[in-house]
Amino acid sequence: MIPIEAVIGFGLIIFTIGLAGVLVRKNLVIMLMSLELLLNGVNIILAGLGRHLNSPRGSIFALFVIINAVSEAAVGFALVLAYFRHRKSYDTDSLNDLKG
Amino acid sequence: MITLAVFIFFAVLAVVAALLVVVQKNAMHSVLYLAFTVLATAGVFFALQAEYLGAIQILVYGGGIVVLYIFVIIIVNLKEIVPERRGLVPKLFLVGVPVLLCAEVVTLVMRTGFPSAPSGPEGSGFREMAEMLFASYLLPFEAASILLLAVLIGAIVVARRRHIDDPD
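If you're matching them up, the sequences are chains A and B in order.
Numbering-wise, my numbering comes out as the position in the first sequence, counting from 1, plus 4.
Numbering-wise, my numbering comes out as the position in the second sequence, counting from 1, plus 1.
Honestly, the hints are just simulated from the structure, not real lab data.
Keep in mind that this is a model prediction, so the values were computed, not measured.
Treat the hints with care, since some could be wrong.
Stated by the list, open to error - Subject to a maximum C-alpha distance of 25 angstroms in a straight line, what follows is the list of computed SDA-like cross-link-like pairs (lysine to any residue):
1. B/K92 x B/Y34
2. B/K92 x B/V17
3. B/K26 x A/E76
4. B/K26 x A/L85
5. A/K30 x B/I76
6. A/K30 x A/F65
7. A/K30 x B/G97
8. A/K30 x B/A36
9. A/K30 x B/C103
10. A/K30 x B/G88
Just need the whole structure built from these sequences, with the hints factored in.
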């Protein structure tokens with residue numbers, strides 16, 4: 005039997021790594037990858053809680069999170085491609101057109 | 002006992018690979034480590050007896066999203082390595098905030114203690130999940146299909162070229 009605290013701690017570590025990656029990195033593609041890590045951490049915690057509470061809701065919510073992750077990846081890639089076609093760069097520092 | 006060993010094995014693999022995703026300079030290496038993380042997470046799901054999630058994880062993430070990342074990196078030819086111009090202190094600050102957040106949640110969970118839930122009557126197998134998904138959660142399920150349709154159309158509209166004969 006896996007202790008629920010271990011599962012939550014593991015999910016939180018993955019979440020933390022992903023959040024740090026989104027904040028620190030400046031490469032758009034790697035930022036999108038870190039977003040996937042964030043959602044993965046949430047999925048791990050949901051699966052662990054579903055197991056702990058002996059309920060299928062954990063898996064169901066994680067399924068919806070995966071659907072949202074796929075949608076986010078698709079739209080994110082479309083934006084990256086459009087931005088690259090427009091600017092020929094992925095650096096987030098040049099994304100300051102709307103800066104006041 | 003063996004389940005716990007499997008869980009710890011895949012958890013350590015996933016954490017190490019996730020760290021490597023974030024620190025790589027080359028985006029293609031990051032994608033490969035992301036695939037590694039995803040597969041290790043699928044192993045964790047199997048250890049947690051969420052077999053459906055593990056299978057979906059391998060199919061959707063390992064088969065779909067990672068391949069999509071690789072194609073995008075090839076298309077946009079991500080050879081140039083974006084220099085990290087941040088200094089050490091802002092970087093440490095940006096790493097410290099998530100770590101503090103993690104420590105806070107861990108402290109909360111540890112201090113309050115997790116209630117040992119009574120084993121519910123539902124069970125967490127395939128059958129219970131399918132019955133609940135297509136009975137109680139039918140409306141969100143259908144809404145998810147509408148979301149996917151909207152994403153499909155939106156991604157095509159955003160990523161297409163304005164004119165066919167436009168050279169750029």
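Each hint, compared with the structure:
no. : hint           : in the structure
1   : B/K92 x B/Y34  : 22 angstroms, holds
2   : B/K92 x B/V17  : 20 angstroms, holds
3   : B/K26 x A/E76  : 23 angstroms, holds
4   : B/K26 x A/L85  : 20 angstroms, holds
5   : A/K30 x B/I76  : 19 angstroms, holds
6   : A/K30 x A/F65  : 31 angstroms, violated
7   : A/K30 x B/G97  : 17 angstroms, holds
8   : A/K30 x B/A36  : 21 angstroms, holds
9   : A/K30 x B/C103 : 22 angstroms, holds
10  : A/K30 x B/G88  : 13 angstroms, holds
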